[in-house]
Amino acid sequence: MTSRIRRRWLDVVAVVAIVAALVFALASPRVADQGDAARMLFIHVPTIWLAYVSFGVTFVASIAYLITRKLRWDLIAGASAEIGVVFTTVAIIGGMIWGKATWNVYWTWDARLTLTAVMLLVYLGYLALRRAIADPEARARRSAVLGILGLVQLIPVHFSVTWWRTLHQTNTFRPRDIQMDGPILAALLISVAAFTIVYAALLRHRYALAHLELEAHEASVAVEGPVAGDAVSAPTIGSGG
Amino acid sequence: MHDRFWQQALAIARRDLDRERRSGEVAWVTIPFGASALLLVPLAVGINQDVLGRIGTGMLFVVVMLFGVLTAVRRTNLETPAQRDAITLLGVDPVAEFAGKTIASSVLLLLFEVVMGVVALTLYGLDLSNWGWMGVVMPLTAVGLAELGTISAAIAISIDAGPALVPLLVTPLAIPLLLGATQTVELGPDGGNLSWLLLMTAVVLVLAIVGVVTARPLQEIR
Chain A
1 MTSRIRRRWL
11 DVVAVVAIVA
21 ALVFALASPR
31 VADQGDAARM
41 LFIHVPTIWL
51 AYVSFGVTFV
61 ASIAYLITRK
71 LRWDLIAGAS
81 AEIGVVFTTV
91 AIIGGMIWGK
101 ATWNVYWTWD
111 ARLTLTAVML
121 LVYLGYLALR
131 RAIADPEARA
141 RRSAVLGILG
151 LVQLIPVHFS
161 VTWWRTLHQT
171 NTFRPRDIQM
181 DGPILAALLI
191 SVAAFTIVYA
201 ALLRHRYALA
211 HLELEAHEAS
221 VAVEGPVAGD
231 AVSAPTIGSG
241 G
Chain B
1 MHDRFWQQAL
11 AIARRDLDRE
21 RRSGEVAWVT
31 IPFGASALLL
41 VPLAVGINQD
51 VLGRIGTGML
61 FVVVMLFGVL
71 TAVRRTNLET
81 PAQRDAITLL
91 GVDPVAEFAG
101 KTIASSVLLL
111 LFEVVMGVVA
121 LTLYGLDLSN
131 WGWMGVVMPL
141 TAVGLAELGT
151 ISAAIAISID
161 AGPALVPLLV
171 TPLAIPLLLG
181 ATQTVELGPD
191 GGNLSWLLLM
201 TAVVLVLAIV
211 GVVTARPLQE
221 IR
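Chains A and B supply the protein sequences, listed in that same order. If you count by our numbering, then the first sequence holds residues 1 to 241, one letter each, in order. If you count by our numbering, then the second sequence holds residues 1 to 222, one letter each, in order.
Keep in mind the hints are simulated off the structure, nothing from the lab. Since no wrong hints were added, every one of them can be taken at face value.
Just a sample of chain B residues kept apart from chain A, beta carbon distances all over 10 Å, derived:
1. Arg21
2. Ser23
3. Gly24
4. Ile31
5. Val51
6. Gly53
7. Val95
8. Ile103
9. Leu111
10. Val115
11. Gly117
12. Leu140
13. Thr182
14. Asp190
Partial chain B-side listing against chain A, Cβ under 7 Å, derived:
15. Ile155
16. Leu169
17. Pro176
18. Pro217
19. Ile221
Where is the CB? At the ideal position from N, CA and C, for every residue including glycine.
So here's chain A without its partners, still in its complex pose:
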């Protein structure tokens, strides 16, 4: 029982953190011009933040794999990219719902929106590549290169709101220029922290699962199955006398 709790402590913390974030998000004051729609902030900002974190972890783990050639780095890179794809999808869908409430459209050809969708495609390609290769070593090397290449896309995504100045607001976190009321900022920071803990818990589980998949693959390769022609025996010569 104790070991089970020890194994599950991060899950418990994640659930508690999400509940706390939800309470703070619902208790935060309404924004005058946007009403309750502004509460999407507490999902949208943490999910896009975690998309960056996930793909950043994929980038670092890919480099670590190429340097050390240890498969555990590849498993971390793949697990993080999968979670990143989920968070990016949630960020886009959340942003679209928020966009409908504030801009009156679900989608607009805004630079940040478009490049975030492109970033999602890059990592869907990364996951497709991983699925296309069965051998763990070959998969790790190829994926590591793409995991590093993916960073090329992250830079324009992040700076798009500064470079283009289109419909999307500029970056929410600007330490020298915070234009947010204290309670809303506090709720947002709690939400970001809670989602980050959820990311850590998901990464831990996905990594463990990937490790099991790797062990299953190695076991299946190690088992010596029947070979074609096994049933054919050599004819006996001269037994009839």
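Could you slot chain B onto chain A? The hints should help.
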């Protein structure tokens, strides 16, 4: 050592260009296909000259991106497994191999871009005021796409789903090049196009670094 590197790189580039000279794949297949794509656009969006003039530069680079990168990918895929093994066993520096393939693809892509530029000018009646910038933008786009195509082809080599996978890997990653190229030419110096040129240069440099750093592991997997 330095001479040996360039000797190997240029030998590989020469081999790829010789192969193109013999097969004429870019000249007789990719260029006509790209030109027909540029011809199809007015049929799809209408033949209003103002509209065509506005979208022309963007369409030119979309066609260059979609068709051009296939050229770069094709260079790598033309090698047979035996040829790849021979290159590895001969001790060819993986970085020199990457550089050689990129040089050959860049030359072919530049040729493709120039011809597509002439076709776009003829069909769309583009405003030529900022076209001097093409002298910088076209080589940068060619080198960037060549690097991206060479790396992506090496990643997807010998995978059954490779031919279907490569466009998915390349197209999103080529977006910064497409944006940079279009904006540099459309905005001109008065519209602040230097930052776009800087973005393109940065992407080309990052791709070169990735290509150099990952050349050895990519040579190992094939």
